[in-house]
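Chemist: Now for the letters of each chain:
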Amino acid sequence: MAVVHYREIEGRSRGYLALLGALGAFILAGLAAAWYMEHNGHYVTGMTNRIVWGAPHVFAVFLIVSASGVLNVASVASVFGRSLYKPLARLSGLLAVALLAGGLAVLVLDLGRADRLIVAMTHYNFKSIFAWNIFLYTGFFAVVAVYLWTMFERRMNEYSARAGLAAFLWRLILTTGTGSIFGFLVAREPYDSALLAPMFIVMSFSFGLAIFVLVLMAACRGTGRALGEVVLLRLRNLLAVFVAAVMYFVAVYHLTNFYIARQHDVVRFFLVDGGVYTALFWLGQVLVGGAIPLVLLLAPAARRSRGALALAAACVVAGGLAQVYVLIIGGEAYPLMMFPDKIVSSTFFDGVVASYAPSLPEIALGAGGVALALALTAVALKVLPFLPRSLADGDVDAGAA
Amino acid sequence: MSTDRRRFLGWGVAVAAGAALAPGLRLIELAQARSPEEAASALQRWGLLVDITKCADCEACVTACREENGWTGHGRPATDPQWIRKVSLRDKRTGFAQTLPMMCQHCEHPPCVDVCPTGASFRRADGIVLVDKHICIGCRYCVMACPYGARSFVSEEVTGQKADVPRGIGVVEACTFCVQRVDRGDIPACVEACNRDGGKAMVFGDLEDASSEIRRRLAAGPSTQVRPDLALNTGVRYQGL
Amino acid sequence: MKCIAIGLVVAALAAAGLAFAADEGGARVAVPRIEIARPGKCVAPTPVMRRDHMKMLLHQRDLTVHEGLRDPRFSLKGCVNCHASEATGSVLGKGGFCSSCHAYASVKIDCFECHSPMRQERVATRP
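Residue numbers (our numbering), protein chains in the order written: chain X, -8 to 392; chain Z, 833 to 1073; chain D, 94 to 220.
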């Protein structure tokens, strides 16, 4: 079996420093946005009493879901014993921690009383899936840290399979919890579904792998590391499977609603007359997030193109953001069905689809979280040997894939 | 019998009699208002009955709540808090129109209490669902979870609060059944205003007290909860819906 | 050699500090100027209040909010009514009872984000 050598990146090129500079600027913008929102109150954002979770939460949920999914690559290596993926495991663990940190930063900075974070960490209502998630997120950091340690510390390498299994189970529970944040809401027709938890798990696989592919390709290109076709082919196939699986869950979700007379209006809202949400669903989620990546990943002409793989991964990320936007904000915009068969109106926007437009502070905060995740990754790659020296075809264990 | 045993038996009977009578004494006390040094107890459950057939086209309840609790707003209806609102209904097929006041329904199984991560959203022993604004972190999950859209997030700085109703930025709030009034034996401001200026459509009282007017009115005719399919056992009931 | 030199310097500074302190005759630090509008009627002795008022507030707020216990002795409204400045009618701002000490101690008060700091003129027959 090939012995894998890992090495830190040089991190002295102008490109690297420019990257850190740009990410730093986005992080500063995000912090400024958070201060602006906190100082003036949330009325300066697009979020209202009908749409209480807006663009920041779209980014945060996307990052958190991806964080759990990006650990998949390491899990496939440690838990399922595919040694082809072993050289990728360290980067996978790093990205998991970085993406989660970015997502949580956005979530915490958006709180109405962010100064009460200590209260959130000391007062728990264990009936709340949100409270459980706080445990699961902080525990995830610890579990992945231990897992990374077993991979870095030569004497602990024999335990990495067990640590990997713990991390794998932990993130399945974590993602189930994230999906259940919405799935447990009886009040809203678009949520209130047992399907959301497994759908989130499959979404995490898809988004996480897409981000992993993009970061891996960028890191290898930027540091001149060889990245062979064997690895890329595996990742390509895996990503196609996950994208298809997400499409399957979305189809089942809407088909089931279509069969329930009471839910007909929900289906019509998302698929036909929901305005921006319908557009984002068909163009963003289905076309850009599903159909185009599948073509780019599976069409014979595109299969040998690295550009096609990178483009497919980018489309999956964009489509994923659209999907989370439609789910969270579309779900909130859909009116509460308090009085079936009645036309409802009030001063509190009952009975109508709530309008929402993301404001600049919200987008800046969300983008700041993304930048934080990427910046943490970039710095960590320089500090510790996360990347293998080479992923060329001759250097990886092609046989045991 | 020795004097010791006799004395012991005497004390025993006295204690047993006291224990037997004490619950009865407690109930008589609660028929009058609870004293401020006494905790809220499950022996009472506060409820509100709204007779929609008498609900006039006025906003007396909303104005009274605004005045009592101090949520006057900033002229920004999308982000201003609304603890109570008038909802207009028109039947899709028949065209029959009604209005009703909608506020926190003070459910027995509140979804907002289930989802609050810190336990700030809670149900008091006497049935009033409240937000402990000291530990609310402003995550707005309860606002998402409420089937009645009852909760509001305070997204602007608050000044000039009423002394009895502390309110501040960054936390969530909703109708409290005017807990500051109820705790001193009074009724909510909306009910008082409706009886004084409106259609006399609202009755507030103790659902556990068989002799209260609200219990008598509920027993005398049909009433319904909003969203009965959710089985939340709300404290607010409507007649004529 | 270097160690001895550093030790001597430190000792000299300490001695100088002590000397200065002795000069001011006991009052080594500036103290806040607190106006007490209605003295002598607080619910607990002054040293106890100084030390424990934050614990009392934290404990009482849970009892009031969660249990509905509204003992008039411990109501925040009662504290404000008694302690509000005669001039401004508030416990914050210039001459405000709470803010004068808190500004001195540099401890941010969170209470009056939500609670009214103003004295209520209405005479309460029942709190």
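These are computed hints drawn from the structure, not numbers from a lab. Values in this document were obtained by computation on a predicted structure and should not be read as measured data. No residue lacks a Cβ here, since even glycine has one placed at the ideal position from N, Cα and C. Keep in mind that the hints are not guaranteed to be accurate.
[To be verified] Derived SDA-like pairs (lysine to any residue); straight-line CA-CA distance at most 20 Å:
{"no.": "1", "chain 1": "X", "residue 1": "Lys373", "chain 2": "X", "residue 2": "Thr113"}
{"no.": "2", "chain 1": "Z", "residue 1": "Lys924", "chain 2": "X", "residue 2": "Pro326"}
{"no.": "3", "chain 1": "Z", "residue 1": "Lys886", "chain 2": "X", "residue 2": "Val335"}
{"no.": "4", "chain 1": "X", "residue 1": "Lys333", "chain 2": "Z", "residue 2": "Glu1024"}
{"no.": "5", "chain 1": "D", "residue 1": "Lys170", "chain 2": "Z", "residue 2": "Gly902"}
{"no.": "6", "chain 1": "Z", "residue 1": "Lys918", "chain 2": "X", "residue 2": "Met329"}
{"no.": "7", "chain 1": "Z", "residue 1": "Lys918", "chain 2": "Z", "residue 2": "Glu1024"}
{"no.": "8", "chain 1": "D", "residue 1": "Lys201", "chain 2": "D", "residue 2": "Asp145"}
{"no.": "9", "chain 1": "D", "residue 1": "Lys134", "chain 2": "D", "residue 2": "Arg212"}
{"no.": "10", "chain 1": "Z", "residue 1": "Lys924", "chain 2": "X", "residue 2": "Leu327"}
{"no.": "11", "chain 1": "D", "residue 1": "Lys148", "chain 2": "X", "residue 2": "Thr113"}
{"no.": "12", "chain 1": "Z", "residue 1": "Lys924", "chain 2": "X", "residue 2": "Ile334"}
[To be verified] Derived, one-sided and incomplete: chain Z residues facing chain X with beta-carbon distance under 7 Å:
{"no.": "13", "residue": "Arg917"}
{"no.": "14", "residue": "Asp923"}
{"no.": "15", "residue": "Thr926"}
{"no.": "16", "residue": "Phe928"}
{"no.": "17", "residue": "Thr931"}
{"no.": "18", "residue": "Asp946"}
{"no.": "19", "residue": "Cys948"}
{"no.": "20", "residue": "Ile967"}
{"no.": "21", "residue": "Ile969"}
{"no.": "22", "residue": "Gly970"}
{"no.": "23", "residue": "Val975"}
{"no.": "24", "residue": "Val990"}
{"no.": "25", "residue": "Val1003"}
{"no.": "26", "residue": "Val1011"}
{"no.": "27", "residue": "Ala1063"}
{"no.": "28", "residue": "Asn1065"}
Chemist: Does Thr113 of chain X lie within 20 Å of Lys373 of chain X when you go C-alpha to C-alpha?
Modeler: With a Cα-Cα distance of about 35 Å, the restraint between Lys373 of chain X and Thr113 of chain X is violated, given a limit of 20 Å.
Chemist: Just to be careful: measuring from the Cβ of Val1011 of chain Z to every Cβ in chain X, is the smallest value less than 7 Å?
Modeler: violated, 21 Å
Chemist: Holds or violated: Lys924 of chain Z with Leu327 of chain X, Cα cutoff 20 Å?
Modeler: Measuring from Cα to Cα gives roughly 16 Å; hence the hint holds.
Chemist: Hint check: Lys201 of chain D vs Asp145 of chain D, CA-CA at most 20 Å. Holds or violated?
Modeler: Holds. Lys201 of chain D to Asp145 of chain D sits at ~16 Å (cutoff 20 Å).
Chemist: May I ask you to test the interface hint for Phe928 of chain Z with respect to chain X, counting a Cβ-Cβ separation under 7 Å as satisfied?
Modeler: violated, 9 Å
Chemist: Against chain X, run the beta carbon of Val1003 of chain Z and see if the smallest gap drops under 7 Å.
Modeler: Check passed: Cβ of Val1003 of chain Z comes within 6 Å of chain X, closer than 7 Å.
Chemist: For the pair supplied as a hint, Lys918 of chain Z and Glu1024 of chain Z, is the alpha-carbon distance within the 20 Å limit?
Modeler: holds, 16 Å
Chemist: Cys948 of chain Z was flagged as interface toward chain X. Is the shortest Cβ-Cβ separation under 7 Å?
Modeler: holds, 5 Å
Chemist: A closest beta-carbon separation below 7 Å is what the hint needs, so does Asp946 of chain Z meet it against chain X?
Modeler: With a closest approach of 5 Å, the Asp946 of chain Z hint holds.
Chemist: Please verify whether Lys333 of chain X and Glu1024 of chain Z have alpha carbons no more than 20 Å apart.
Modeler: violated, 29 Å
Chemist: Verify the proposed pairing of Lys134 of chain D with Arg212 of chain D, using a straight-line Cα cut of 20 Å.
Modeler: holds, 16 Å
Chemist: Hint check: is the beta carbon of Asp923 of chain Z less than 7 Å from a beta carbon of chain X?
Modeler: holds, 6 Å
Violated hints for the displayed structure, listed by number in ascending order: 1, 4, 15, 16, 17, 24, 26, 27, 28.
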